[in-house]
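Since each chain comes alone in its own frame, lean on the hints to assemble the complex.
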Amino acid sequence: MPLRLEPPATETALRRFTTAERWIHRTTAVLMGIALLTAAFLYLPALAELVGRRRLLVTVHEWSGLLLPLPLLAGLVSRAFRADLRRLNRFGTHDRRWLSAALRYRTVPRPAPAGKFNAGQKLYAAFVAGAVLVMLGTGLIMWFTHLTPLLWRTGATFVHDWLALVIGVLVAGHLWMASRDPEARRGLRTGWVARAWARREHPLWEKEESRESAADAADGEPHP
Amino acid sequence: MRKDGTGAPVGRRVVLGMLGLGAAGVAAGGYLQNGLDGFLASVTAKDPTGLSGLLPGGQGFRFYSVAASVPHRSDTDYRLTVDGLVDRPTTYTLAQLKAMRPTRLVRDVQCVTGWRVPHYAFTGVRLADLLAVVGVRPEAKALSFTCFDGVYSESLTLDQARRPDMLIAYEMDDKPVTAAHGGPVRLYAAPMYFYKSAKWLSGITVTDHVQPGYWEHYGYDVDAWVGRSNGRDDAPTS
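Those protein sequence lines, which keep their order, are chains A and B.
Residue numbers for the first sequence follow my numbering, beginning at 1 and rising by one.
Residue numbers for the second sequence follow my numbering, beginning at 1001 and rising by one.
Next up, chain B with everything else stripped away, as it sits in the complex (with noise of 0.2 Å):
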């Protein structure tokens, strides 16, 4: 008998094969996981266990959080404060904003890690609105984002924010916006990777600079446009 440990690289060959099939996944993983999101979206529409909404992809929106729990405000509770460098600070309650104008968005939502989910309707009222009722004053440059999750902050500039494809959102695919998508109200900064949509929007200030919100403390884009930063040109999400 010949001695255990000679014979062909059986392991070093699995370990290529498989450096081999994660390169051309990466590489094709764009594609194919589109092709997937389809034919999963449709077992999970048959599927009464719920368990195939746990495969990758398929369910569409991953729930991303910093807070330690998912906050809860009702309808009548929520409140938004707006303040800083304003005319008239406000204060708004959910039936103030769903008073005003809305503003219906369907566009591809793209996560900076790469997930996306095509097509989605966001409702709300337009930025530029609600900074035309408040009066924002001339020395103004920037809005920062507050939540009342207490940890979570974004930031746009005011140029930014006058885009007409900035929300203050209250409904996602023609619903009420879920506590776990960041509800009653959230922001949809619809050109931007969705970390710039902060959830559980609760106060927006206006300020003479921009003020880097919580991820882009940690190095993520203060001007995160899914089309220019990062080198890709989106028209689905603008």
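Only chain A is shown next, with the shape it has when bound in the complex (with noise of 0.2 Å):
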């Protein structure tokens, strides 16, 4: 990774994520994956068919769910990633802006500018939190039969079948968006961006970093 080793990259690149962040993402992406691969061969009947071993896929299919949260919870220590929950939760003039356009895109296909995370991003990542915890309590209620009367597992699967079906969409659309983007898949893959795309992509965070290295630099602080 010759970007991270450079002294002068910070001209050229940007720092996007920490390690620990990486390593958040990644986990939690694995599980992820596990969970709706091991929920595709549960409930597809042509897949169910084709390896049975019910009581297998369901078990890797539990722990997978019920781990699901940990990376996000053991990434709550490190200070960066608390930053970028923050900045993914609150919603500024910009992202309204952002949304607005985004929803205008076939009339007037130019974009808002960004902060690190766009509009679009914030609410996946909110929805993606939200659908973990709501398929993790259906979850639950399904897994022990003994807790809820019968209703309500009629209900929890109602959820938990409709629920993964929309994250499956949602799922394979992110992973669609990655597929185009190569430079967002490096931010992710090595932790720096290249700072014409964060200009393009994600204007107001590569000003708000341009900022903070000439302050840097105004205090003579030496730049990591």
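These are calculated hints, taken from the structure and not from any lab test.
Don't take each hint at face value.
What follows is a list of derived Cβ distance ranges for each label pair [unchecked claim]:
(1) P149(A) with T1081(B): 32 to 42 Å
(2) G1150(B) with A194(A): 55 to 65 Å
(3) P1164(B) with V169(A): 39 to 49 Å
(4) G1150(B) with R106(A): 52 to 62 Å
Output of the computed footprint for chain B on chain A, the stretches with three or more beta carbons under 8 Å from beta carbons of chain B [said to hold, decoys possible]:
(5) 38 to 48
(6) 81 to 90
(7) 141 to 153
Sample of chain B residues lacking proximity to chain A, with all beta carbon distances greater than 10 Å (derived) [claimed, not checked]:
(8) D1004
(9) V1133
(10) R1163
We put the CB at the ideal spot given by N, CA and C, even for glycine.
Here you go:
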């Protein structure tokens, strides 16, 4: 990873994610992948008839789902991750502008400037967080059949199945968008992105970072 | 320009909103699914791609099996062995089972995890009739069922097995039971959760005590009454 070693890299590259953040993303992605894959084999009749082995699949599915929130919770010790969670949570006026521009994309195909995360990414993050919690709750109702009356289990199955479908579609969209943006993928692989990419995709963040590095330079602090 | 990371906590609101919707869905899902099932069934009937059949509900049954693959046994190769504490241990062919007095039951099928198939027909031989033919010895207390998938097993007490709604079924929906549904012959324990209705039934052993079945080793009720275990009164299944 030459970009990380070269000192003048900061002029052409920006630090987007710390090592901790990249591992949070990786482990969450692996667990989500396992949960979705086992779900497909448990749920789609053609796949279920192909592999059977329901107890094994159920066990793997249950534990991948149970562990899914852990990377995020463990990641809370990272200051950088907490800062990014705050960015994801808060919606400023630029986010509203970005959203309304995205909704009018067909007529006016010009995106509004975004911060470190655009409003779409923020909504996706919030949706996944909420969805994991709802899936966890309904999954536990189906796992421990003695916890609740049967009518609740029918309701839990209803929510779990339909939400799984929505999650599957949105995760597929997430992967599709990543597949079209190698620089975004590099950000999650190496932690660094090209400044030009940041200026194009996340201009407010790029501006923020340049101001900070300018301030750092003025303070005479060595840049990391 | 204000720093990113200030403004309304929309992310938190989305998470909390989803938790609220999820809870409402659990509370109302049972009713919603019923309405949706009818709608989806009508869509699936007109859908040439079959894709709508993959949506939750609508298609009714879900395929559950603990074995590695769907075992196949032809109508002519099929055998059902009845042994243990009986006067006349017997092996039945499918033709012999079909020659016995058939019973047709229309009930709701209820899975322990929540899904339900309303008003579904099963046809077969009453377990009670079969037991009367082979003759149960006085010390017998229970039945142990084995399956030709090589993995699954089930159990019933003798009293449960003698109920008129316990069948050795060879037809579902008035058609031969398919391999995926556990054909050519499966158990149908109408008043109990559907895991009791063992697929691919190949053996019945009469025993002096209940030997818990496959899922019952993992915490499921041995006496799996839909009405009385897990807190529900359930007339349509019994």
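Structure-based check of all given hints:
no.: 1; hint: P149(A) with T1081(B): 32 to 42 Å; result: holds, 39 Å
no.: 2; hint: G1150(B) with A194(A): 55 to 65 Å; result: holds, 58 Å
no.: 3; hint: P1164(B) with V169(A): 39 to 49 Å; result: holds, 47 Å
no.: 4; hint: G1150(B) with R106(A): 52 to 62 Å; result: holds, 57 Å
no.: 5; hint: 38 to 48; result: holds (count 4)
no.: 6; hint: 81 to 90; result: holds (count 6)
no.: 7; hint: 141 to 153; result: holds (count 9)
no.: 8; hint: D1004; result: violated, 3 Å
no.: 9; hint: V1133; result: holds, 33 Å
no.: 10; hint: R1163; result: holds, 21 Å
Checked against the numbered hints above, the structure violates only hint 8.
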